[in-house]
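Colleague: Given next are the chains, with one letter for each unit.
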Amino acid sequence: MTALGKLFRTTAFRLTLAYLFVFALCAALLLVYVAFNMRRLITEQITSTVDAEIGGLAEQYNQGGIRRLVFVIEQRSRRPGSSIYLVTSPTGDSIAGNIGSPAPGILDRPGWIETPYRRSEEKEAAENIALARVFILPGGFRLLVGRDLEERDRVYSIVTSAGRWSIAVVVVLGIAGGVFVSRRVLTRIDAMTQTAQTIMAGNLSGRLPVGKSGDELDRLALNLNDMLERIEALMQGLKEVSDNVAHDLKTPLTRLHNRCEEALRTAKTETEFRSALEETIAESDEIIRTFNALLLIARTESGGVRDNMTEFDAADVVRDVAELYEPVAEEAGLALKVEAAPSPMKGNRELVSQALANLLDNAIKYAAPSEEAMNGAIPEIAIASGERDHGIRLSVSDNGPGIPETDRERVIGRFVRLEQSRTKPGSGLGLSLASAVARLHGGKLTLEENAPGLRATLDLPRSIPAT
Amino acid sequence: MRVLIIEDDRAAADYLIKAFGEVGHVAEAAADGEDGLSRALTGGFDVLIVDRMLPKRDGLSLIGALRAKSNNTPVLILSALGQVDDRVKGLRAGGDDYLAKPYAFSELLARVEVLARRRHGRSEETVYRVGDLELDRLSHRVARGGTEISLQPREFRLLEYLMKHAGQVVTRTMLLENVWDYHFDPQTNVIDVHMSRLRSKIDKGFPQPLLHTVRGAGYVVRDSAR
Numbered sequence: 001m002t003a004l005g006k007l008f009r010t011t012a013f014r015l016t017l018a019y020l021f022v023f024a025l026c027a028a029l030l031l032v033y034v035a036f037n038m039r040r041l042i043t044e045q046i047t048s049t050v051d052a053e054i055g056g057l058a059e060q061y062n063q064g065g066i067r068r069l070v071f072v073i074e075q076r077s078r079r080p081g082s083s084i085y086l087v088t089s090p091t092g093d094s095i096a097g098n099i100g101s102p103a104p105g106i107l108d109r110p111g112w113i114e115t116p117y118r119r120s121e122e123k124e125a126a127e128n129i130a131l132a133r134v135f136i137l138p139g140g141f142r143l144l145v146g147r148d149l150e151e152r153d154r155v156y157s158i159v160t161s162a163g164r165w166s167i168a169v170v171v172v173l174g175i176a177g178g179v180f181v182s183r184r185v186l187t188r189i190d191a192m193t194q195t196a197q198t199i200m201a202g203n204l205s206g207r208l209p210v211g212k213s214g215d216e217l218d219r220l221a222l223n224l225n226d227m228l229e230r231i232e233a234l235m236q237g238l239k240e241v242s243d244n245v246a247h248d249l250k251t252p253l254t255r256l257h258n259r260c261e262e263a264l265r266t267a268k269t270e271t272e273f274r275s276a277l278e279e280t281i282a283e284s285d286e287i288i289r290t291f292n293a294l295l296l297i298a299r300t301e302s303g304g305v306r307d308n309m310t311e312f313d314a315a316d317v318v319r320d321v322a323e324l325y326e327p328v329a330e331e332a333g334l335a336l337k338v339e340a341a342p343s344p345m346k347g348n349r350e351l352v353s354q355a356l357a358n359l360l361d362n363a364i365k366y367a368a369p370s371e372e373a374m375n376g377a378i379p380e381i382a383i384a385s386g387e388r389d390h391g392i393r394l395s396v397s398d399n400g401p402g403i404p405e406t407d408r409e410r411v412i413g414r415f416v417r418l419e420q421s422r423t424k425p426g427s428g429l430g431l432s433l434a435s436a437v438a439r440l441h442g443g444k445l446t447l448e449e450n451a452p453g454l455r456a457t458l459d460l461p462r463s464i465p466a467t
Numbered sequence: 468m469r470v471l472i473i474e475d476d477r478a479a480a481d482y483l484i485k486a487f488g489e490v491g492h493v494a495e496a497a498a499d500g501e502d503g504l505s506r507a508l509t510g511g512f513d514v515l516i517v518d519r520m521l522p523k524r525d526g527l528s529l530i531g532a533l534r535a536k537s538n539n540t541p542v543l544i545l546s547a548l549g550q551v552d553d554r555v556k557g558l559r560a561g562g563d564d565y566l567a568k569p570y571a572f573s574e575l576l577a578r579v580e581v582l583a584r585r586r587h588g589r590s591e592e593t594v595y596r597v598g599d600l601e602l603d604r605l606s607h608r609v610a611r612g613g614t615e616i617s618l619q620p621r622e623f624r625l626l627e628y629l630m631k632h633a634g635q636v637v638t639r640t641m642l643l644e645n646v647w648d649y650h651f652d653p654q655t656n657v658i659d660v661h662m663s664r665l666r667s668k669i670d671k672g673f674p675q676p677l678l679h680t681v682r683g684a685g686y687v688v689r690d691s692a693r
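Chains as they are written, first to last, in our numbering: chain A, 1 to 467; chain B, 468 to 693.
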């Protein structure tokens, strides 16, 4: 498509053309109306003066006979102007007047006639057109009185040609304006299209140019940019997930594979085979567990579990989860303190329970402090719920070793486990899921210093925002 | 016990038939939804195991058709879709239990046996007895050998569930689902800790233990003296 063709195909240009056509048509109709009426007005003026003059001349004839009429006609003929006069005898011979003999038959025609004439004193003069009327005087004389139409026609032609010119100017200016406007729009749209193409080509960090005027194109660009932002974040998440899946599933799968090979190679007795198989099953269960956790996080992040939202009191969730984990905490030598203030909210109860369970599970796993640090006191984990500002705050605090400030953001990411040796069980997905659950509800998971220890806080709105 | 497995994966079905056979149950397989439905209606099975995604007629519609014909054979739904909302959908369609793939056979067996027994269940009894252990569901009292045992409310519900299915293996997931109403994986072996607490209250000081751990499967309450 050529640049010009592209220009002509723009919406702005087509709109301009359509408006232009309508305006030009209106202007033309108006002009025709004005011109027509002007012509009619002038014609009416001519006929009424001619009528008056015929009346006057007939009066003269009635009073002074043909001699007087001829005298008056001669007099008037000498005055400059556009009037024409002719008096003929009953036989048709010209007696007086300022024009030569008219076209044959004219003198016998009744009513208004448009006739060509030639002024008698200027033989070489071109023929002009006059509007005239013939009046038959008593005695057979004919009186022709008329007015030259040149002036009327000139005015008419001036009006119509002015009209034609102005319409031509309107059309030219309109098309030029259309080209200008559509080129302006087109350059911006082209810039957007170009960016969109680079984005489609794989550069997801590209953003559409946004002008300063805040017009509809800018608003569109802003919204598209927000959309791109979201897509980029999702794609980034997807990439991270697949990287992590590749890493964290491949590792145990390799372990599984190696164990089977080793059993085939070295196991001799049935007991040895059996124990190798049992280990294999345990390992594969662990993989399934990790896989399920990943799937759940992915579904939570994509908002796919939004349907199961109910109203419930988060304090009940806190009490239930605490009750579930209390024996585990006790076994680990930790006291579990529950401070459940009423916290009515709307959300996915199962997921909130799981998020809280993960936080508590983490606290129990990692929070047991060294004996000397506690000086004989029983270390404590506190799980609490309560209303805070405009939402609900659920928190799990411990006074274990905590997490260094620099690692807190990172540890929420998938598969991150600070403990390098990986001796404690767990997929490293607990905090990621808690964070995904918080985001699903429009809330946030934060990790803070509990001096000593760590406080994990889930801030959730009372009800889920509409988006 | 007769089990009908409606599953289009031939290998999976064969594995199940063999596994059920080894523990003394009779299992057959149907490979699509239509065949499965007609056999379920005529075959007189104790339990149906239904895959959710089947050729010709999907699992949920099969269950719907079955229930519409007032056939109340217990149904366990097997599905690759393990999320909470899929589970709810399955149970709402008329399924009695739901198990996500992949699963351990011990888990499936425990659930199928509970379902089969439920038809002639003991839920209407008000007092459960196993050996010299007694649980009164109305007065919420538990006694062993005439000595009253004090239990926390959740411990009571745990024991109630175990005694309701006395002699049957119940898995950790079944306990988590039925006693706590949680459908997620708590990662840590929380159930084991609860069970060891319960055991210390029920069995401690008695020569004959009633609460047994079944390795690789779960727990069972059984009077082994008999």
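Simulated from the structure, these hints should not be mistaken for lab results.
Cβ atoms here follow ideal geometry from the backbone N, Cα and C, with glycine treated the same way.
Certain hints may be false.
Anything over 10 Å on all C-beta distances counts as not near chain A; from chain B, calculated [what the hints assert, rightly or not]:
| id | residue |
| --- | --- |
| 1 | D476 |
| 2 | A486 |
| 3 | A571 |
| 4 | R584 |
| 5 | V660 |
Some chain B residues close to chain A (C-beta under 7 Å, calculated; not the full set) [unchecked claim]:
| id | residue |
| --- | --- |
| 6 | L566 |
| 7 | P569 |
| 8 | Y570 |
| 9 | P653 |
| 10 | H661 |
List of simulated lysine to aspartate or glutamate pairs, EDC-like, C-alpha gap at most 20 Å [as the list claims (entries may be wrong)]:
| id | chain 1 | residue 1 | chain 2 | residue 2 |
| --- | --- | --- | --- | --- |
| 11 | B | K668 | A | E331 |
| 12 | B | K671 | A | D407 |
| 13 | A | K337 | A | D316 |
| 14 | B | K671 | B | D563 |
| 15 | B | K568 | B | E601 |
| 16 | A | K365 | A | E311 |
| 17 | A | K337 | A | E380 |
| 18 | A | K250 | A | E240 |
| 19 | B | K485 | B | E574 |
| 20 | B | K668 | A | D226 |
| 21 | B | K485 | B | E601 |
| 22 | A | K365 | B | D513 |
| 23 | B | K485 | B | D475 |
| 24 | B | K536 | B | D553 |
| 25 | A | K346 | B | D648 |
| 26 | A | K444 | A | E405 |
| 27 | A | K444 | A | E387 |
| 28 | A | K212 | A | D226 |
| 29 | A | K250 | A | D226 |
| 30 | A | K346 | A | D389 |
| 31 | B | K568 | B | D499 |
| 32 | A | K365 | B | D475 |
| 33 | B | K668 | A | E330 |
| 34 | B | K536 | B | D502 |
| 35 | A | K365 | A | D316 |
| 36 | A | K239 | A | E272 |
| 37 | B | K568 | A | E286 |
| 38 | B | K568 | A | D285 |
| 39 | B | K556 | B | E644 |
| 40 | B | K568 | A | E240 |
Colleague: Each hint should be assessed against the structure and marked as holding or not.
Modeller: Hint check:
Once the 10 Å rule is applied to beta carbons, B:D476 is consistent with being away from chain A; the minimum gap is 17 Å. With a cut of 10 Å on Cβ distances, B:A486 stays outside the contact zone with chain A, its closest approach being about 14 Å. Listed as outside the interface, B:A571 is inconsistent with that label: its C-beta sits roughly 8 Å from the nearest C-beta of chain A, within the 10 Å cut-off. At the 10 Å boundary, the C-beta of B:R584 stays outside the reach of chain A, the nearest C-beta of that chain being 27 Å off.
B:V660, annotated as away from the interface, has a beta carbon of chain A within 10 Å; the closest lies near 4 Å. This hint is violated: B:L566 has a C-beta 13 Å from the nearest C-beta of chain A, more than the 7 Å allowed. Checking B:P569 against chain A by beta carbon gives a least distance of about 6 Å; that is within 7 Å, so the hint holds. Taken as an interface hint, B:Y570 does not check out: its beta carbon lies about 9 Å from the nearest beta carbon of chain A, beyond 7 Å.
Hint status for B:P653: holds, given a least beta-carbon distance of 6 Å to chain A, under 7 Å. Among the interface hints, the one on B:H661 holds; its C-beta lies about 6 Å from the nearest C-beta in chain A, closer than the 7 Å criterion. Taken as a hint, the B:K668 and A:E331 pair is honoured in the structure, with Cα atoms around 16 Å apart against an allowance of 20 Å. Of the pairs offered as hints, the one joining B:K671 and A:D407 is violated, with about 46 Å between alpha carbons and a cut-off of 20 Å exceeded.
Using a Cα cut-off of 20 Å, the hinted pair A:K337 and A:D316 holds, with the two alpha carbons roughly 15 Å apart. Our distance criterion of 20 Å between C-alpha atoms is broken by B:K671 and B:D563, whose separation comes to about 36 Å. For the suggested pair B:K568 and B:E601, the alpha carbons sit about 37 Å apart, so the restraint of at most 20 Å is broken. A hinted pair counts as satisfied when its Cα atoms are at most 20 Å apart, and A:K365 with A:E311 does not qualify at roughly 31 Å.
Between A:K337 and A:E380, the direct Cα distance comes to roughly 7 Å. Compliance with the 20 Å bound is thereby established for this hinted pair. Restraint check for A:K250 and A:E240: satisfied, since their Cα atoms lie roughly 15 Å apart, inside the 20 Å limit. Of the pairs offered as hints, the one joining B:K485 and B:E574 holds, with about 16 Å between alpha carbons and a cut-off of 20 Å not exceeded. The suggested pairing of B:K668 with A:D226 is violated, with an alpha-carbon distance near 60 Å, which exceeds 20 Å.
Taken as a hint, the B:K485 and B:E601 pair is broken in the structure, with Cα atoms around 38 Å apart against an allowance of 20 Å. Annotation: proposed proximity of A:K365 to B:D513 is violated, straight-line Cα distance about 44 Å (limit 20 Å). The suggested pairing of B:K485 with B:D475 holds, with an alpha-carbon distance near 16 Å, which does not exceed 20 Å. Our distance criterion of 20 Å between C-alpha atoms is broken by B:K536 and B:D553, whose separation comes to about 24 Å.
For the hint linking A:K346 to B:D648, the alpha-carbon distance of about 19 Å falls within 20 Å, and the restraint holds. At most 20 Å may separate the alpha-carbon atoms for a hinted pair to count; A:K444 and A:E405 meet this at roughly 17 Å. At roughly 15 Å between alpha-carbon atoms, A:K444 and A:E387 fall within 20 Å of each other, so this suggested pair holds. Of the supplied pair hints, the one linking A:K212 and A:D226 holds, its CA atoms being roughly 17 Å apart against a limit of 20 Å.
Distance hint between A:K250 and A:D226 is unfulfilled; the C-alpha atoms sit about 35 Å from each other, more than 20 Å. Pair hint A:K346 plus A:D389 holds up; C-alpha atoms about 16 Å apart against a cutoff of 20 Å. Of the pairs offered as hints, the one joining B:K568 and B:D499 holds, with about 18 Å between alpha carbons and a cut-off of 20 Å not exceeded. At roughly 43 Å between alpha-carbon atoms, A:K365 and B:D475 are farther apart than 20 Å, so this suggested pair is violated.
Between B:K668 and A:E330, the direct Cα distance comes to roughly 16 Å. Compliance with the 20 Å bound is thereby established for this hinted pair. With a CA separation close to 16 Å, the supplied pair B:K536 and B:D502 stays within the 20 Å bound. With a CA separation close to 23 Å, the supplied pair A:K365 and A:D316 exceeds the 20 Å bound. For a cut-off of 20 Å, the pair hint linking A:K239 to A:E272 is broken: about 41 Å separates their Cα positions.
Restraint check for B:K568 and A:E286: satisfied, since their Cα atoms lie roughly 14 Å apart, inside the 20 Å limit. The suggested pairing of B:K568 with A:D285 holds, with an alpha-carbon distance near 11 Å, which does not exceed 20 Å. A distance of roughly 16 Å separates the Cα atoms of B:K556 and B:E644; the hinted pair therefore holds under the 20 Å criterion. Note on B:K568 and A:E240: the hinted pairing is violated, with a Cα-Cα distance of about 25 Å set against a maximum of 20 Å.
Going down the numbered hints, you'll see the structure goes against 3, 5, 6, 8, 12, 14, 15, 16, 20, 21, 22, 24, 29, 32, 35, 36 and 40, while the others check out.
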